[in-house]
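Top line first, the protein sequences correspond to chains A and B. Per our numbering, residue 3 is the first one in the first sequence, and the count goes up by one each step. Per our numbering, residue 3 is the first one in the second sequence, and the count goes up by one each step.
Derived from the structure by calculation, the hints contain no laboratory data. All the given hints hold, so there is nothing to weed out.
Just so you know, same-sequence chains aren't split out, so a pair can sit in one copy or run between any two.
Taking lysine to aspartate or glutamate and the DMTMM-like style, the derived pairs with C-alpha atoms no more than 25 Å apart in a straight line are:
#1 6 x 188
#2 261 x 188
#3 277 x 310
#4 93 x 113
#5 93 x 106
#6 155 x 324
#7 17 x 188
#8 311 x 280
#9 261 x 324
#10 258 x 324
#11 40 x 317
#12 40 x 314
#13 311 x 288
#14 277 x 317
#15 277 x 288
#16 258 x 288
#17 261 x 273
Since we're looking at a predicted model, the values are computed, not measured.
There are 2 protein chains.
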Amino acid sequence: MERKGNLMTYRPDIKVFDATIRDGGLVNSFRFSDEFVKALYLANLRAGVDYMEFGYLASTDIFKEEDFGDWKFCKEASLRRIMGNNETDMKIAVMADVGRCNLERDLLPKEESVIDMVRIATYIHTMPAAIEMIEYCHSLGYETTCNIMAVSKANTADIEVALEMLCDSSVDVIYLVDSYGSLFPEQIQRLTKLYLEHAEASGKKVGMHAHNNQQLAFANTIEACSMGASYLDATIGSMGRGAGNCAMELLLGFLKNPKYNITPVLKFYEDYILKLREQGEVWGYDIQYLLTGKMNLHPSSAIAFTADKRTDYAEFYHSIFDMEA
Amino acid sequence: MERKGNLMTYRPDIKVFDATIRDGGLVNSFRFSDEFVKALYLANLRAGVDYMEFGYLASTDIFKEEDFGDWKFCKEASLRRIMGNNETDMKIAVMADVGRCNLERDLLPKEESVIDMVRIATYIHTMPAAIEMIEYCHSLGYETTCNIMAVSKANTADIEVALEMLCDSSVDVIYLVDSYGSLFPEQIQRLTKLYLEHAEASGKKVGMHAHNNQQLAFANTIEACSMGASYLDATIGSMGRGAGNCAMELLLGFLKNPKYNITPVLKFYEDYILKLREQGEVWGYDIQYLLTGKMNLHPSSAIAFTADKRTDYAEFYHSIFDMEA
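If we strip away everything but chain A, and leave its shape as in the complex, we get (with noise of 0.2 Å):
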């Protein structure tokens, strides 16, 4: 199989994208400072990411505000506080997940609104209703990808009938989503080929979001980047559920374009993200993590497993073979 660039070389088709605040979020319920995320901001600008995630657009009619932070609601106000009106060439998204969130009333068209991309994230049996939201962002002028979920558990045979529909759609970016860590880089290879042979004959890019069950969420993301994925998903410190994800500061060490800085990206890990750390956030690879993402299963009864400071890993692991699979 061939690899698009080398290791010496870079592709200018490639846009880092930031996704600290939303996947970062699913640790602290989105209780950032603003002093965080307006750091967080200046951090990406400087250090040339291309998107920034906010988190998500949730629904009050689902989900309390009171029980989370601004970002799982992501209103224009809060947006603005933190940037204005973001005159800059950073891009910002957010999330809509289907199902749970009221897009007529919670998002502004375009032109009165700092978010460029609504990123749908959908799993494989809702897709129509993915695709009418992505082609509802679209009408009001929006960016959009579709963040197709847990594939790992997908037949190859309907991830191909999705990415027809989504071709046929009006998204921009397709997202391979490793949701439970258990693929291996192979797999990446093989599936990041499917999804750009459906693509690239429709115009479209295909984006990498990992998970580092296996610690394997870096490998996989240049991997998939190898192959010509060209949107890549990274957290500061890997922050984000369970095991977290690809680590930014991995990714721009990797990378050769001269307009990435990893500087600024250190800067913020010692300023802010340590903090977080201590104040008793806590995130990133594990044994139980290993074990859900080898067992190919949600990584919610890991992450209970760490709630309750559990160490004992063997017994863990016995419970698991129980679950559904």
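Knowing the structure of chain A, use the given hints to seat chain B on it.
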């Protein structure tokens, strides 16, 4: 490039090699309790591990015995205290560094020793001395490997000469060693192919020893494996110098041979590895190791940064720019 084997089956030529005491000993100056080492020996036996490495055959002319635990020297009496006559099918290995041992004095003939394999660690410029040691070990009846260190700083033409020298020797296994944790899977793929082209033509095997500076130790190990490397080094909990090694629990979670069993490794991790961490031993992936890996530098400056409990990563990054790359 063709892969050997696939993700559904297993290759019987694969040997899992536990280096926990040897590489982990670089963390605590080899001061492991006998209880720890005996429990590890039993865990490896139960897990189906093929080789267990105990430590170095360091010369007491060069190193003072009071500065280290027993596994710096691996005397026959120390080994037998743990395993008796090792009446098992797990083989026992030790490492001998070029220029740091006195094999004529310290290595018994094979029939008087529980050691099965001597691994000769060498830089590329000391290959003639390594070959002499390999031939001496074979004359005493041992299996051998040659671990060529720091190849990320060597020129391909020199690596090829070294491989030719080894192919003309009695060595059994040639190890690809990513000493600085600086190699990406694409490079591991190319190097494994190069090593195998030489090794296969002369009936030798290829091994992989990875470091986790860029969270790629496991990814690089399975990449080398899928290209045809058959001796795979790992340590429980990644215990090893600096960023540590490929984690045994990740490797056994990946391999499909039913002889391997992850549970004894999980149990050892919870009973013994966690305790070492509680006692203050520090190793494993962290930003400073990512930075020396990215810069293709020996991890010594990152190890000092860790020992000093520093967290000014951005400053550290700029300080290593001046180092010899």
